[in-house]
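S.K.: Position chain B against the provided structure of chain A, taking the given hints into account.
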Amino acid sequence: MKFSRRSVLMSTLFGAGYVGLRALATGIPAAVLLKGRNAFADTPAPVCPDKSKAQFIVLATSGSGDPINANVPGMYDDANITHSLDPSMARTPMKLGGTSTAAALPWAQLPQNVLDRTTFWHLMTNTPVHPKEPDVLKLMGSTAANEMLPSLLAKQLAPCLGTVQTQPLALGATSPSEGLSFAGQALPIVPPLALKDTLTSPSGGLANLQQLRDQTLSQLSDLYRGGANAAQKAYLDSLINSQSEVRNIRQDLLSSLSSIKDNSVASQITAAVTLIQMNVTPVLTIHIPFGGDNHTDALLAGEAAQHVTGVAAIGSLMSQLAAAGLQDQVTFMSLNVFGRTVGPGNTDGRQHNPNHQVSIAIGKPFKGGIIGGVAPLAGDYGAVAFNSTTGAPGAGGDVAAGDSLVSFGKTMLAAVGVDAATIDSSIAMGKVVPAALA
Amino acid sequence: MKPSLFVRAATGVAFMTVAALAGCGNDKADDDGAPADTFAPDPPSVYVAKVKNILVGQAPTDDEIAQVTADPTAIGTLIDGWMQLPEYQQKMMVFFELAFQQTQISEADFVDLVPTNGLGVGKGVPLLVQNARESFARTVLELTAAGQPLNAAFTTHQFMMTPALMELYAFMDTRPVNDTAAVTDTFAKANPSMMITMETAAGPIAFADSINPKSANYMHWYSPDVAGLTYPDPTCSNLDPIAFKVNAQALHALLYGEIPNHPGPSGNCGNRSGSVVTGQIDPTDFTAWKMVTVRSPKAGEARTTFYDLPSLRTATELVLDTPHVGFFSTPAFFANWPTNASNQMRVTANQSLIVATGTAVDGQDTTAPQTTPGLDAVHAAPGTACFGCHQQLDPTRSILSSTYSWFYYPQTDQTLVKQPGLFAFQDVIAPMTTIDSFAQLLATHPLVGQAWAQKLCYYVNSAPCNPIDPEFLRILDVFNKAGGTWSSLVHELLASPLTTNVSETATTKTNGEVIAVSRRDHLCAALNNRLGFVDICQLDSTMQGRAVSSLAQIISGMPSDGYGRGATIPVLPNQPTLFYRAGLENVCAQVSAMVIDTKPSAQQPGSKQWSSAQPDAAIADFVALLMAMPPSDPRAAQATTILRSHFDASVQAGATSKDALASTFVAACLSPSFIGIGM
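Chains as they are written, first to last, in the numbering used here: chain A, 1 to 438; chain B, 439 to 1117.
Among the hints, erroneous ones may be present.
[Said to hold, decoys possible] Dumping the calculated DSS-like pairs for lysine-lysine here, alpha-carbon to alpha-carbon at most 25 Å:
hint : chain 1 : residue 1 : chain 2 : residue 2
1    : B       : Lys683    : B       : Lys561
2    : B       : Lys561    : A       : Lys261
3    : B       : Lys627    : B       : Lys736
4    : A       : Lys233    : B       : Lys947
5    : A       : Lys367    : A       : Lys95
6    : B       : Lys1096   : B       : Lys1046
Source of the hints: derived by calculation from the structure; they are not laboratory data.
So that you can see chain B by itself, here it is in the shape it has in the complex:
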């Protein structure tokens, strides 16, 4: 049954009711006597700072605020300029990782995907996982930079990859796993008598020789660690060389530094992570990004050889049996949402729908397909309570189970292969023949535009926009007319009163304004981009050789954006809790030690430095950079006075000038406008 006009009208009434409820709930004077629900617009000094912080993590300049003060429409021009900065790319990368659900994964999440040992225990594996997390966000950035609409990312066969990530795609393709968890190691199958040898004493072996079938050293690998390995079983210790029967997983693992399981004189000698240097893979193999096309082999064509790193470094194609298209078939998405013989791709389909349309199969969708191919009739026969969801979910997921096994390799069960199902979701009913049909239906679904506008609303305001707010609908219209380009949406929303709060919108009438803490990603970007640090929070594991700092430990407990399974809206802790406040004070204290009366460290050569001998200059910077109050901000002079008073009082209390300036820095760092979005 389709919703009636009455239902639609009721929606509008409902929102007015909500607005009235909200108004009643807040219809009180605040502590200064002003009615709490009286709209108060934000001045340019506040909203320019907010917009620039969101986009690039930097503080506004006097000139920028002056431009907007003189002409409020200048904010659009400024936004366009900020979107050209590399810092914008960094921020959007974090946004896209989350929005496309490519994050919240670790090495452990690949064990289901690559049974039974996962990616291995080599020291390079965390870097590979980070590559997997970043790949699709980088892909979107690349596509949008090329002028492609956002939804091109739903159907793309091109992905940003490093040579390491290419290796992972090709490795997995070499070793398919069927619905019953049976692994077919095609490399081992093709080389049934081969042994892989690792050694130290015989000296280095050129990588090219190790992978050259014509070389005497084919599948012989050098590792400085082999000779020094020790085991509880002494017969395993100091074996050199070691040799083990060929298998693709061990070969993959040794590339990343692992010394795989191998036989010893009295039994199996377990795998070891090895030292950093034992990896056959180069550090640059984790950082050299390029667009790579994934395609299926032509007749008689061989698939990409996963361990041939020299070729992967120059290749721009991967030839694989496993199809990969769009965001929902990346290793990161698969690792995030494992399925199984019971779930049968329902989670994969539902999370794909959530990413693309912002809506889940939740039993409320009245879309009723005439046929329900792929329906689990035992569990959800027509007439049962379960049928409501399953009549959409089961036919829709069928294209995934027709394409992939429960471990996300090519499906081999011909019954499932022959059942591609039917897309049936939120008023769209359409046949599917391949996984590309599914991608195309996601990309063209009528809910895509508003879903992504809402994701951006959450990112910018830590709250949704009212979906029937005329201003929200105007932004959607602009987005649509601009061909769905991401930059058009960012420009419109960030310049809109929905973000700037310069005028009252239906959203603010309904929901009020939300002032949220600067969550982890915004906070770390601000620290980096305002103070000249490079990844001060240690979120980038490809930057090797760093011990985990105390600051990074604290950051791991900071509120961060997240998504839960089946949830259509992100989880956004907005409140400054005890733990946020305590952690941030320590973060600020530790940063102060890196920027006051010291020299830039080798790890942070570009960090800002201030001298306690010149407190006025330092304090001026603290106010402008940290508190985001350039001199023209009406609050800047008083803020400067307060901080200068703090410095003086600290010295008078017996503190050294260094400690006094450090404490002044911490105060600025804990100021509401540095740790809150919209202050």
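Next up, chain A with everything else stripped away, as it sits in the complex:
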């Protein structure tokens, strides 16, 4: 086994991903990359920009690059675009924001009151590779401090919503690639099955001693602090903070988690709604399959089946929110690593499409409609420029396809009340798209 100083240096400079290099690349001090929010101790905590517009967010994200983009409104005007021929995916007329359009049957079956606040975004993520999922969530390097969009949202929303914790929570990540980071720190993935047993306070005799135990832990913390260095003190601070957060967990709503028997999409939704009711975190991520990485999918059967279940899951989320009286306080969003090819020949599977991905935003801040569209590009189809005032696609649009992803991010921040200055300092380039906002 041989190595040389040169090889060490080369790896350092070219892509080994070490913190020093990441610091160079991102402009973030290495200490920030390593210490996360502790290193931001000097940064003033965000204040609530506009409480009246604040929303909880449920974000569906997939590193598989599911073919959502193939079957949504805006994809049925070009006869060369391939769709599943399964009757469950039949082209079906529907109305979005008073405008007639068409989509695969499952989308048209969403209740009209949901469709009236559903915006379909035709974007390009500009990557065809799965490992870029975290980068897409970071809007491909366009966010300040390389923060992920869900974390940007969480930071702004937490003070408005008074949530127990500021960080978002990944409930449905199927791999670490779909996990979240916050201020440079990787966050754990907490599957629905673990939630109830995790959050339920100890019962019996131990419950009565909790306050006393917290005092003891405080004394122990002081003991460690005596000889601690700065990093150890920061860790002790984090422990105290997390203990304080734990004590703010509402125990009366945890019974809702008892129905969870697996980590399925339905369970993720149950968990998300419950955690919102418990005011635990402003942003939760889930994973709803819409066909997955369907390179090989005879007659697009898998895509069809998962569209039926996927849209039904969104419908279920909406009805559960309505039943809980939360329909005006929670926004659903989706953002995947990329979309898939849709042109002729994609009858038994689809390939990665860096030029077209469709995101969905559903909630009170949005009006029904389609933002952007597609046109033939690079042997398949890609998102095109669109007009930010009308959402209409076309060459004269003021939002280029290359800016569509960041503009989506900016608009999501605007939708939940973040002010223009903060939006511009959080996301470089792009613009807020008024056409999407109610």
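M.R.: Just chain B now, with coordinates in the frame of chain A:
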């Protein structure tokens, strides 16, 4: 174009800049008034505890701390001793599973690999998957124990296997799948008229008879479940015997307890998982590990018969058409990284490079081969933006597509077979003729040493080492001079100030010290090894007959080490989040119920036990074992006083002495030094 000296020099400057930036960012007084960026060395009581916890999950003793206090170099001797303990093997096994990317798989991940039903639904299948996850880590341990260098694991044809895992290798080899997903079931092809029968009422059939072609019971299998099966279609219910046309997948599945699809009077009767006892495979077939050599058949030699379990139990060879070499061709690695007609082995090649060299094809590598055999010219023609990556990735992956189909069976497309490509990655350009060439090039790549030192840095410190830190380079030098033996690297890094923080290094200057939560694997090892439990977290599915405990459910949500596709560094959640803190409190509470005023359970016969009638003895243990503060630790006396006060106050508040001691245990269990690495 090769990087210039200027670029290299800039690298060094860059790190100084980063260090300066980091320093500016932290150049503030902390809440006690001390400058936050002033280096403060850790005392032996802290770093001996850290090192021993990392290596064996145990707390230090007074004697160990005294040795290091008297002579700081004694830490090296202690490390050597700890590396001889079985607990070290357990910890390294978890490390190697992750580092060689053999984990993060489940039964579902084998469906692509074994289309279309995967491994089946038998109750034994999860155990088989666990065998697959563990196999390569065990292989590395075996090789390193035999004095082999780490990179011997890249080229090995020997793998630690159980009889069950041998069956899987041989089964897959019996049933190759080509690029178009067409399955060739060679067993069925050789026995076109054969039917497989399963029955209950006719009584047990000896396994030897079931697999003996000369027996009247050949391919007749006993299962106590057959007679009792019920279906929505009543004509399928209670059929006994059942019979179905021969196919290797069904035969494989029934070995693990499945009742496969079979015809009924009015149509197909679907498969059933069966009960635990219906498996033809023995429980010991999942636990009897041995080194097995995988080789190709000699002329005229038959391949290994997958269902002949008695032979597999004694065999030390597998004769297979499918080549298996090193870490990147195990069923676990293949299941982890499925490829397809579009990806065409790029993921397999890239993940192999990441494992071996810690570096990915990312468009930054300036290695430019003169020729690019295997290049996807349609997608990445010279001059296009895609060419930068594909000029390395496509020639390099070609040896994989030349060897394997998109489903990881022997490649049958002669166009691909004849295109072995060219290795072109990070300054190494070399021809390849076989999959062994690829393995050899990975093993000898100049980035291997630092890649594995970095993996260990992440494991030990939850952060990278500065790659131009002189101390890091010194460790690499020792590793190199020791012939690349893993134990030399572990010894050097764990004894180094990079781990112990006894003196300031360029790494701490650049990145600071990282104190991380005790993530799942460290936490569970500490609970097991300090409190006498056996797999308290239920991470080992080969330990059968256990209901999933609430503790195990919580553990499933605990932060754990992971790797993402294409990522060169592990995903390491380091912060004590709300969920970590809440979950851990419940874990500690549940453990307290197993160790305070109770008797060891049948499942945990060796667990520690404490009596609330003797709180002082218990508390002394809590401080020493859980908080890792032996009596000589300057904090131990005060910690003992605090916990004793808690016990007394609890009793005074009306708690029973049992609850009081349980609460005291929970407090110790939640102490910063038990749930944090480096406290």
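S.K.: All hints are to be evaluated individually against the structure, with a verdict given for each.
M.R.: Each hint tested on the structure:
1. B:Lys683 - B:Lys561: 23 Å, holds
2. B:Lys561 - A:Lys261: Holds, at about 19 Å.
3. B:Lys627 - B:Lys736: 21 Å, holds
4. A:Lys233 - B:Lys947: 18 Å, holds
5. A:Lys367 - A:Lys95: 12 Å, holds
6. B:Lys1096 - B:Lys1046: 15 Å, holds
In summary, this structure violates none of the numbered hints.
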